Structure formats: structure tokens, C-alpha cells
Amino acid sequence: MTAAANAKQRAVKAKKIRQFITPEGIDLELRIASAGLRFGALLVDLLLIVLTLFLFSLFMLWVGLASRSDVTVVVWMLGAFVLRTFWFIGFELGSRAATPGKRLMGIRVVARDGGRLTADAVVARNLIRELELFLPLIMLGAGASEDMVSGWIMLAGVLWSLTLSLFLLFNRDRMRMGDLIAGTWVVMAQRVKLDADIASDAAGEAMTFTDTELAVYGIFELQELERVLRGRDPRAMREVADAIRAKIGRPIAEEDDVFLLSYYRQLKARLERKLLFGKRREDKYASD
Amino acid sequence: MIPPAASARAVDAPSFSTGRFRAEREADWIAFDLLLAKLEKKGAKALTSDELLQLPLLYRATLSSLSIARATSLDKALLDHLEALSIRGYFLVYGVRESRWSRLRRFFLYDWPAAVRSVWKETLIIALVILLGALTSYSLVSSNPEWYFNFVDEEMSGGRDPRATAEFLQSTLGHGKAAGEKGESGLHVFATYLFTHNSRVSILSFALGFAFGVPTLMLEYYQGIGLGAMMAVFSAKGLGYDFGGWLFIHGTTELFAAALSGAAGLRIGTAVVFPGARGRLQAASDAGRTAGKVMVGVILMLFAAGLLEGFGRQLITDTMLRYAIGSLMLLLWLGYYYIPRREDVT
Numbered sequence: 255m256t257a258a259a260n261a262k263q264r265a266v267k268a269k270k271i272r273q274f275i276t277p278e279g280i281d282l283e284l285r286i287a288s289a290g291l292r293f294g295a296l297l298v299d300l301l302l303i304v305l306t307l308f309l310f311s312l313f314m315l316w317v318g319l320a321s322r323s324d325v326t327v328v329v330w331m332l333g334a335f336v337l338r339t340f341w342f343i344g345f346e347l348g349s350r351a352a353t354p355g356k357r358l359m360g361i362r363v364v365a366r367d368g369g370r371l372t373a374d375a376v377v378a379r380n381l382i383r384e385l386e387l388f389l390p391l392i393m394l395g396a397g398a399s400e401d402m403v404s405g406w407i408m409l410a411g412v413l414w415s416l417t418l419s420l421f422l423l424f425n426r427d428r429m430r431m432g433d434l435i436a437g438t439w440v441v442m443a444q445r446v447k448l449d450a451d452i453a454s455d456a457a458g459e460a461m462t463f464t465d466t467e468l469a470v471y472g473i474f475e476l477q478e479l480e481r482v483l484r485g486r487d488p489r490a491m492r493e494v495a496d497a498i499r500a501k502i503g504r505p506i507a508e509e510d511d512v513f514l515l516s517y518y519r520q521l522k523a524r525l526e527r528k529l530l531f532g533k534r535r536e537d538k539y540a541s542d
Numbered sequence: 094m095i096p097p098a099a100s101a102r103a104v105d106a107p108s109f110s111t112g113r114f115r116a117e118r119e120a121d122w123i124a125f126d127l128l129l130a131k132l133e134k135k136g137a138k139a140l141t142s143d144e145l146l147q148l149p150l151l152y153r154a155t156l157s158s159l160s161i162a163r164a165t166s167l168d169k170a171l172l173d174h175l176e177a178l179s180i181r182g183y184f185l186v187y188g189v190r191e192s193r194w195s196r197l198r199r200f201f202l203y204d205w206p207a208a209v210r211s212v213w214k215e216t217l218i219i220a221l222v223i224l225l226g227a228l229t230s231y232s233l234v235s236s237n238p239e240w241y242f243n244f245v246d247e248e249m250s251g252g253r254d255p256r257a258t259a260e261f262l263q264s265t266l267g268h269g270k271a272a273g274e275k276g277e278s279g280l281h282v283f284a285t286y287l288f289t290h291n292s293r294v295s296i297l298s299f300a301l302g303f304a305f306g307v308p309t310l311m312l313e314y315y316q317g318i319g320l321g322a323m324m325a326v327f328s329a330k331g332l333g334y335d336f337g338g339w340l341f342i343h344g345t346t347e348l349f350a351a352a353l354s355g356a357a358g359l360r361i362g363t364a365v366v367f368p369g370a371r372g373r374l375q376a377a378s379d380a381g382r383t384a385g386k387v388m389v390g391v392i393l394m395l396f397a398a399g400l401l402e403g404f405g406r407q408l409i410t411d412t413m414l415r416y417a418i419g420s421l422m423l424l425l426w427l428g429y430y431y432i433p434r435r436e437d438v439t
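In the order they appear, the protein sequences are chains A and B.
For the first sequence, the residue numbers in my numbering are 255 to 542.
For the second sequence, the residue numbers in my numbering are 94 to 439.
Derived from the structure by calculation, the hints contain no laboratory data.
Wrong hints could be hidden among the right ones.
Lysine-lysine pairs mimicking DSS-like chemistry, simulated, CA-CA at most 25 Å apart [claimed, not checked]:
id: 1; chain 1: A; residue 1: K528; chain 2: A; residue 2: K538
id: 2; chain 1: A; residue 1: K538; chain 2: B; residue 2: K169
id: 3; chain 1: A; residue 1: K262; chain 2: B; residue 2: K134
id: 4; chain 1: A; residue 1: K269; chain 2: B; residue 2: K169
id: 5; chain 1: B; residue 1: K169; chain 2: A; residue 2: K447
id: 6; chain 1: A; residue 1: K262; chain 2: A; residue 2: K538
id: 7; chain 1: A; residue 1: K533; chain 2: A; residue 2: K267
id: 8; chain 1: A; residue 1: K538; chain 2: A; residue 2: K267
id: 9; chain 1: B; residue 1: K214; chain 2: A; residue 2: K447
id: 10; chain 1: A; residue 1: K501; chain 2: A; residue 2: K528
id: 11; chain 1: A; residue 1: K269; chain 2: A; residue 2: K533
id: 12; chain 1: A; residue 1: K501; chain 2: A; residue 2: K533
id: 13; chain 1: B; residue 1: K169; chain 2: A; residue 2: K270
id: 14; chain 1: A; residue 1: K269; chain 2: A; residue 2: K538
id: 15; chain 1: A; residue 1: K447; chain 2: B; residue 2: K134
id: 16; chain 1: A; residue 1: K533; chain 2: B; residue 2: K169
id: 17; chain 1: B; residue 1: K169; chain 2: A; residue 2: K501
id: 18; chain 1: A; residue 1: K538; chain 2: A; residue 2: K501
id: 19; chain 1: A; residue 1: K447; chain 2: A; residue 2: K267
id: 20; chain 1: A; residue 1: K501; chain 2: A; residue 2: K262
id: 21; chain 1: A; residue 1: K262; chain 2: A; residue 2: K533
id: 22; chain 1: B; residue 1: K135; chain 2: A; residue 2: K447
id: 23; chain 1: A; residue 1: K267; chain 2: B; residue 2: K169
id: 24; chain 1: A; residue 1: K447; chain 2: A; residue 2: K270
id: 25; chain 1: B; residue 1: K169; chain 2: A; residue 2: K528
A short, non-exhaustive set of chain A residues, derived as facing chain B with CB atoms under 10 Å [unchecked claim]:
id: 26; residue: G279
id: 27; residue: G368
id: 28; residue: R379
id: 29; residue: Q444
Note that the structure is a prediction, hence the values are computed from the model and not measured.
Glycine included, each C-beta is placed from N, C-alpha and C at the ideal position.
Construct the entire structure; sequences and hints are all you get.
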């Protein structure tokens, strides 16, 4: 990987990050959820809705056959309406501000101005969804049912309604029409488990490196190394260990994991010491 | 003055190391994590008063850990964990201030009527548009009944067209034998169908407001057209008074709701076109929130209208009584929305 590619990767990541300063003055650096994640969440939700509706229908059918009353029809119609209209609203009003699909994808809804996510915003963003999801279908249906509408007009209608539905692809904050109206964002809200600190392992003392041997890498490489160490995949560790050995000119003399752990620990200590003096070295291409 | 022992220790074990930083504060993070999990699962009521007092302390401790870690630590797992924990904490600490119950109470007492009041101009415009639609088709159909077939779908009218006899028309209004053709058991199914259908249309007319309000206006005008055409057919047979009652009992609620949903849509449309001094995004989101409140109210109103239409209209066949109920409903809604309240100022 070249310096330019590294920088590019960082820039892409930074593009997704939005400043979000809490009243305590700390920037939470929220990440905008990608269109793919949101589409996945939508699919999961729709699947769950259909599944719930199916089970609900079976239950109502059973009750209806048993009681021989058409009250079940009413309950079914109301239930289907509530399910379709309030599935999203109900879940997003909860403390996690996410539907099951969103939870699964690790995303949530947030008020864009940093304030509380209010009920009216949730209602507004989800009622607009009705339009975004169904207008293209309605257009198709209307075009197909009326013979006098020519194919071209129908195509234009579908395209127009699709631009409404795909609105989130055309702005950098990935806002849906509903997000725009309600003043909301969808951001990443994954839970991250606190892993053990691998630098404090006793194995880190096994061998020592000189300053010149440590000076070849920066923060980017350090964190890649951390990823490999936490992944514990022997093949990846072998590859990385070989690459480092070649770079600093050391013979293969010890186990890969011992070597990598020692190197990681001492590199981290070195870079963190520099950090305390205000020197941040982003990657191996940056000057020391 | 620094004691010599301390300076000697500083050489082999630095007074600040990220390992020590983590060891000192880890307990706080874990406690905060547990507290948040409890809060997310069971709500604020599940916490003891002791835990409630601890929540802001642990929250601030975590935020300060995050800012220190960002400046000093390169442990990616640690940074990611603290970041995710802070984000979760922020939205819970600043998010949960009101129970769902008090939210609901406030909505019914103040927010809903206030939102409806604030779109009064749009409501008036939409009401005029519906009226205009009704007048257009009424005058056209009265002068030439053939127009009727341009306005009203054959299937929708169910035989209620200019060719029908006065007796048949009378029977569709719920006087005479044909009134109970479906049998009374079908009433609630019918009412539910009307409610869900009308809610769909209203949500659509609200959502279409986004396209600068034009489709909303067209949709509302079209509603007026159907109404006026029907009215012309019935009044030509001398049934205007009876038809009025048939319409009035649920129509005051339903048409009011239709006008409000159109108004909500129009509010959004105008905010997008004419944002005024605010930014366009800000204007759109302000309008969207007001409109969202109005729309919840609209769905509730349509529910009431569906009940009136399904039950009230079929069971009450006296035209005077129908007028009375319709007017009462109208007065109720007007009073609820437009009589000012003291707490409104806050």
C-alpha cells in the first residue's frame, strides 16, 4: 500500500465522520451510516413485518374459525394497519432509537442538531417513508392498469419516484427524504466490547528492539498490527512477522506471536511517548 | 520540592503510562456499561436512586477518559470501545428525560392542538381548495349530468349516478329497506376498511407535500370534485337535505382531517420553496416536526370518522339527528383546537 492510498483511505473514513459536540465539549465524531447498511436494515424490517403479519393472520384465522365471528376481520385489518404504519415509529421512539433491523446493523436515528430525538421527528420521518417505498410501486401499478398511459410516461413516472426513493444516494449525509423533513440522521451506534490490553502482556518483554528498528513504522501500521494480533490467525501473523523481519533485517529466530507482541508493545510505547510530546506520526511514510 | 525517591521512581516506571491510565479507570467504564445496559433494557424506573446519582458521574468520567485516550493512547480497541460507550451514554443521558406517559399527556393537551393551530393558514387554503373542487363539479353536473361520469368512477358510485331513480338514491342514504343490505354484522368491518383506507390517502397527501405541495393541492381538489358531483346528483332529485345529513355525520370530522393532512403537506412544501430567513434544511425540518404532530392527530380523527361512518351513520337514520351529531363533532374539534390554553405560552 502506498502513501497516497493510505491517505485516501483515511480521507474516505473522515468524510463519513461528523462533528457532534456534547455540552461537555467533547466531539463524539459520529459516523454516518452507509446506504448499504440502511438498505439491509430496511430489508430485515420488512421481512420481520411480513413474518409478523403472517403469524398474526394465522392466529386470527384460527380465532375466527373457532369463534365464527367477523370481529376477527376488524382486528386483523386494524392490526395490519398498525403494524405497517407504526412498526418503525414505535421502535424508533424507544431509548435505542432503532428498529430491530437497525439494531442488527448497528445503526440508530439521531437528531441532526444534537438535541433530543423528538416523537414528532420520528413520526414525520416515517410517514414520509410511505411515499418513498410505495410511490414507485403505485406509479407502476397505475401505469399498468391504465392503457391510455404510454410506456414512456410510465417510465418517466417511475424514474421520478425512484429519484425520491433514492434521494439518500445523492447527498453526502445520506439523508432520506424523511430525514431531511424531520431533521434527523442515521449514524453508526455499534457496541464495541472492551478487549484485554495486549500491550500489558508479560510476553512483551521477551526481546528488545533498538530505536532504529522501531522507527520504521507509524500509527497506521501499529493499529494494523493490533488488528492482526487480536485476530490470532497464525497465517496472517506469519505474513506480517515476515514482512516486519524483512523490513528491519532480523533473522527468523523466535515464534511469530512472541516476536509480534514484543514489537507491538515497544512500538506502541515509543509512539505514545512521542504523542505526549505532541508528535503524531500517521504512517510509515510520514517523517519521524 | 520534589522528594528524591519520587524522581528516582519516575525513571523506571513513568508517572503516566497508558497501561496505568486504563487500570485506574477501567472499573468506571465497566460500571457505566452495565448501567447503560440496564437503562436500555428496563428504562429509568429500573435504576435505584443511588444508580441514578451515579449515572452522570460515570458518564462524565467516560467522556473525560475518551478525550485523554484520544490524546495519549494508540490502543485501537480501547479507543473504539470508549467512543461507542460515550455515544451510547450521550444519547441515553440526554435522551431520556420524559416518560412515554407524560409525553402522551403533553401531546394531547398542548402539542397536538398547538400544531394544528399553527397551520391554520394552510388549513384554510386547503379547505377553500376542497370547496372549490366541490363547487366546480357541482355546477358542471347540475348544468349537464353527463359530466358526472367524468368525475366519479363507475365502481365507486355503486349506481349512485344521474340515471338512478329517486327511490334508489334515497335507499342508499340509509332510509328504507336497502339500508341493511350488508346486514349489521358487516358494519365494523366496513368502518375499519374506511379508516385504514382514508388514513392511507391522508398519509399520502401529507407525504406528497414534499413535492412543493402541488400534488397535495391536486389530491384535495379531486376530493372536492367527487363530493360536489355526488351532491349535484342527489340535489337534482330533491334529496339534497337528506344527502347533507348522510354526509354531515362523519363528514365534518373526515373532511376536517383531510384538510389538516393537506395543510401539513402544504406546510412542508412551502417551507422547502420559501425557507425565509432560516436555512432550507432548517426550515424543512421545522415544518416536518409540526406536520408530524398534525398527522398523528389526523389519523386519530380519521379513526373517529371511521367509527361515525361505520356505526353512527348506519344505526342513526334520522336526518336531523345526523346533522346534530355532525355539528357537535365539528364544534368539539374546533373547540379542542382553537380555544387558547394557558400553558401554551411555555
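B:K214 and A:K447: Cα distance at most 25 Å?
-> Measuring from Cα to Cα gives roughly 53 Å; hence the hint is violated.
Proposed proximity, A:K533 with A:K262 (alpha carbon, max 25 Å) | holds (21 Å)
A:K533 and A:K267: Cα distance at most 25 Å?
-> holds (22 Å)
Can the restraint linking A:K269 and A:K538 be considered satisfied, given a maximum Cα separation of 25 Å?
-> holds (23 Å)
Satisfaction of hint between A:K447 and B:K169, Cα-Cα up to 25 Å = holds (12 Å)
If you draw a straight line from the CA of A:K538 to the CA of B:K169, is it 25 Å or shorter?
-> Since the Cα atoms of A:K538 and B:K169 sit roughly 17 Å apart, the hinted pair holds (cutoff 25 Å).
Double-check A:G368 for me: the hint is only fine if its C-beta lies closer than 10 Å to a C-beta in chain B.
-> holds (9 Å)
Going straight from one Cα to the other, do A:K501 and A:K533 come out at no more than 25 Å?
-> holds (23 Å)
Cut-off 10 Å, beta-carbon criterion: hint that A:Q444 touches chain B = A:Q444 check passes; min Cβ-Cβ to chain B is 6 Å, inside 10 Å.
Is the straight-line distance between the alpha-carbon of A:K538 and that of A:K267 25 Å or less?
-> Holds - the C-alpha atoms of A:K267 and A:K538 are around 19 Å apart, at most 25 Å.
Within 25 Å, alpha carbon to alpha carbon, are B:K169 and A:K528?
-> Holds, at about 17 Å.
Under the criterion that the straight-line Cα-Cα distance not exceed 25 Å, is the pair A:K269, A:K533 satisfied?
-> holds (24 Å)
In the structure shown, a violation is registered for the earlier hints numbered 3, 9, in ascending order.
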